[in-house]
Structures are given as structure tokens and as C-alpha cells.
Amino acid sequence: KAGVTQTPRYLIKTRGQQVTLSCSPISGHRSVSWYQQTPGQGLQFLFEYFSETQRNKGNFPGRFSGRQFSNSRSEMNVSTLELGDSALYLCASSTRTTSGSGTDTQYFGPGTRLTVL
Amino acid sequence: KNEVEQSPQNLTAQEGEFITINCSYSVGISALHWLQQHPGGGIVSLFMLSSGKKKHGRLIATINIQEKHSSLHITASHPRDSAVYICAVSPGNQFYFGTGTSLTVIP
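One line per chain: the protein sequences are L and B, in this order.
Position one of the first sequence corresponds to residue 1 (our numbering), numbered consecutively onward.
Position one of the second sequence corresponds to residue 1 (our numbering), numbered consecutively onward.
Hints in this document: simulated from the structure, not taken from any laboratory.
Be aware that one or more of the hints could be misleading.
[What the hints assert, rightly or not] Straight line, CA to CA, 27 Å or less: simulated BS3-like cross-link-like pairs of lysine-lysine:
1) B:K55 to B:K68
2) L:K57 to L:K13
3) B:K53 to B:K68
4) L:K1 to B:K68
5) B:K68 to L:K57
6) B:K68 to B:K54
7) B:K54 to L:K1
[What the hints assert, rightly or not] Okay, the calculated bits of chain L under chain B, using three or more residues with CB under 8 Å as the criterion:
8) 37-46
9) 50-59
10) 106-114
Think of the CB as a built atom: it goes at the ideal place given N, C-alpha and C, for glycine as much as any other residue.
Isolated chain L, as found in the complex (with noise of 0.2 Å):
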């Protein structure tokens, strides 16, 4: 089976841009969760998708936010793109067939890094 793939892997941005960033889960994954990893603040929770449905949501603006498609691929938003989010963004998914229980294997792909200048 073919990993996770997002989509690009690199991303240059000005301030005030926005930007959207796409992950195409293993097949057969429904939920798809996604996460930003900065050197000052570690590895942090956005947001889970299932079934086209945001489940979860970590603590982050509005200016943050995502979907789900029919075939479970997601994107993530970011509009009025801050210096502070620069950034690797992480996505992952998971055979989670419950909302919420966090008792499933994430499968995390590669990673699209967001430069904001």
C-alpha cells in the first residue's frame, strides 16, 4: 500500500498570504488527523477529520482549518499567514473507525514545510 503523501513539500509565503495544504491518507483510512511541528513550541494537535467530519480540534485561531472529501483526502487552510506560522505540518491518518478513542496507529507522512517571510 502507498504511505501518506502531502503535498507540496516545500512552501514559501508572505505575510498576510494564505495557503492550503493537501494529504492523501493510506487507502482505506478514514480519519486523517493533522499537526504543526515548530523548534519553539514541539509538535502540536490540530485537528482529526473522519467521514468528512472535523471530530477533534487542538487549540489553535480560527484562521486554521480544514476538510475532508468524499475519498478521504484533506486539506488544511491557513489564511493571513503570521511569521509564527512557519512551520512542518504534519499530517496523518488512521484506521480509526470511532470518533476520538486516540487507540489507533497514526501513519504520519511526510510533511509540507511552510516558510512565511
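With the hints as your guide, set chain B onto chain L.
Relative to chain L, chain B alone:
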């Protein structure tokens, strides 16, 4: 407030040494995960635990739910084990991550 604390932050070992990384957490959890991140960013899930002990090759993970503590052990460490090891816990509605332990194994 850090829901997950890891120690040590950095660890250097000689090849062949036995290594222990510790993780303490403060929230009730459904499961605890140990992750490995190599330079370049790729993250691999090593273990998911809700009780007891799991073993995979030279890696062993244990969890004590009552004490809210988990350990990751690496037996007979090898330079290819050099990576950042991250502890993550899920209370069921999101994940909380430790800051990671950077391990360097010297030949």
C-alpha cells in the same frame, strides 16, 4: 502547562548500550504512543500502549497507568537508532506531545 514531560532531553550513548527514555503525563488517557523522528522530519509510530508492556525487536515500551508514566527502552543500541523519540498521549479528543528526546548513538 505541559501535559507530557519527557526525560532526558538529550542522550548520547555508545553503541551497544541499554537506553531508557522516560515519559510522564498529567491527563487521563486512552492510549500512549511512542514516535520516532529521523532528521528530515519523517515520523514513524513505534508503539501504542494502553497497559502493560510491548516489545518489537530491540525496543521495549512499558506503561504504568496508576503512576502515569511510560518508558521506552532500547537494548543493544545501534547508530541507526539515532533519532528524536517523542511520547504522545491521547485522552480521546486530541493528542498531547512531549518535547522529544534526541538520541545519538556513537559507533
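Going down the list of hints, with the structure as the test:
1. B:K55 to B:K68: The given pair, whose Cα atoms are some 19 Å apart, holds under the 27 Å limit.
2. L:K57 to L:K13: 25 Å, holds
3. B:K53 to B:K68: Status holds; Cα separation ~14 Å.
4. L:K1 to B:K68: 36 Å, violated
5. B:K68 to L:K57: 24 Å, holds
6. B:K68 to B:K54: Between K68 of chain B and K54 of chain B the Cα gap is close to 17 Å, so the pair holds against 27 Å.
7. B:K54 to L:K1: Satisfied, since the Cα-Cα distance of roughly 25 Å is no more than 27 Å.
8. 37-46: As far as the region 37-46 of chain L goes, the hint holds, because 5 residues have Cβ atoms under 8 Å from chain B.
9. 50-59: Held - the region 50-59 of chain L has 3 residues with a Cβ nearer than 8 Å to chain B, which meets the minimum of three.
10. 106-114: Since three or more residues must qualify, the claim that chain B covers the region 106-114 of chain L holds, with 6 doing so at under 8 Å.
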